[in-house]
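J.: My request is simple: use the sequences and hints to build the entire structure.
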Amino acid sequence: MPMKALSTLTLAAALALGASTNASARSLRIEVNGLVCAFCADGITRAFKKEPAAAEVFVSLENKLVAVQLKDGADIADATATKLLTDAGYTVVGIERTDATVSEIKAEVSGD
Amino acid sequence: MTSFSSKGLTVLAAVALSTAALARPISYSGGHMLMADHQPDMDAISYTYSPSFRWAVSAGAVRATELERTADLELGYVRAAHLLHRWNLPAAQANAFVWGGLGDGRTAQGNGLARHVGLQLDYETRRIYASLVSELHEGDGWSHRFDTAAVGWAPYAHDVDRVATWVVLKGMRTTNAVDDDVKPVAVLRFFTTRWWLEVGANADGQPVANLMLNL
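Line order of the protein sequences matches chains A and B. Under my numbering, residue 112 is the last one in the first sequence; the count climbs by one each step, no gaps. Under my numbering, residue 215 is the last one in the second sequence; the count climbs by one each step, no gaps.
No wet-lab data here; the hints were simulated from the structure. Glycine is no exception: its CB is placed at the ideal position from the N, C-alpha and C atoms. Incorrect hints may appear among the rest.
[What the hints assert, rightly or not] Now the stretches of chain B that chain A is said to cover, found in silico as 3 or more residues with beta-carbon under 8 Å:
hint	region
1	37–43
2	91–101
3	109–120
4	150–156
5	191–204
T.: Laid out in structure tokens, this is it:
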């Protein structure tokens, strides 16, 4: 297979994975590098609150975590979430979709 | 250079550096920030808008009382700052910032154009903070470089729902000044997601304070 065609296939696969969504998920759990300062992390909360599909946002410096609860029937694509965090100045390590609410995620990470 | 201009510029530098050395010169994307600063011989305010996390524009004003109280220094300036690079690590962040600005400075000798450029390197975890700031101020017939090194320690690791507390020690030095010794300053720093407060004292026991608000 020519190198160019292989690159195109690789890019298409990466885009398909990056655009993955799961309409049944209630929240996104996003692992983020660079989360060390509450004063600076405020920008993350504000950025996601502008996103129409976001119902609630929770940031945990201790767990390097940004959790975003989705509105019913709404979703935020991985690529969109990654762009919001990149534009806020942080590096996304991974995105996981979960059926837990933000309140449940808060309770989980705080050990309640 | 007269005694006044050297001392006046030293105060001016302390003001300008206080903005950069105590915090980052750029807020988050879309962020508006107000800053008020008090030092023994000056008061300053500034406003910063960051269209992205890589850029910021600021406007500010400074009024400094010359040490011998023979004249005041007043400055209005505009500044652009740029984040050259950010290193996002699992439990730390490091940054390299540069900036430059122009101002109108009023001294005992009259009004004149003042210009400055600066560089900041910082490293921060939730318990340790370190920064180096160097800023060059120039005008007609004068030039000063102002260097600040700061280290901080947090007694506990804060999170977004808890007030952060830091102990920060700084050493500041000015070139081409009447007194170019390294001057120590110690402050307590408190901040949440919306506000930032520093209170402390210099080596002579004179109070210093800095307040910032995220709007």
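J.: Hint by hint, say whether it matches the structure.
T.: Hints versus structure:
For the region 37–43 of chain B, the stated coverage by chain A is not satisfied: 0 residues place a CB nearer than 8 Å to a CB of that chain, which falls below the threshold of 3. With a threshold of 8 Å between beta carbons, the proposed coverage of the region 91–101 of chain B by chain A holds, since 3 of its residues qualify and at least three are required. Coverage of a stretch by a chain is defined here by at least three residues with a beta carbon nearer than 8 Å to that chain's beta carbons; for the region 109–120 of chain B and chain A the count is 0, and the condition is violated. Counting residues of the region 150–156 of chain B whose beta-carbon sits less than 8 Å from any beta-carbon of chain A gives 0, not enough to reach three: the coverage restraint is violated.
Judged by the Cβ-Cβ criterion of 8 Å, the region 191–204 of chain B is covered by chain A as claimed, because 5 of its residues qualify and three suffice.
Checked against the numbered hints above, the structure violates hints 1, 3 and 4; every other hint is satisfied.
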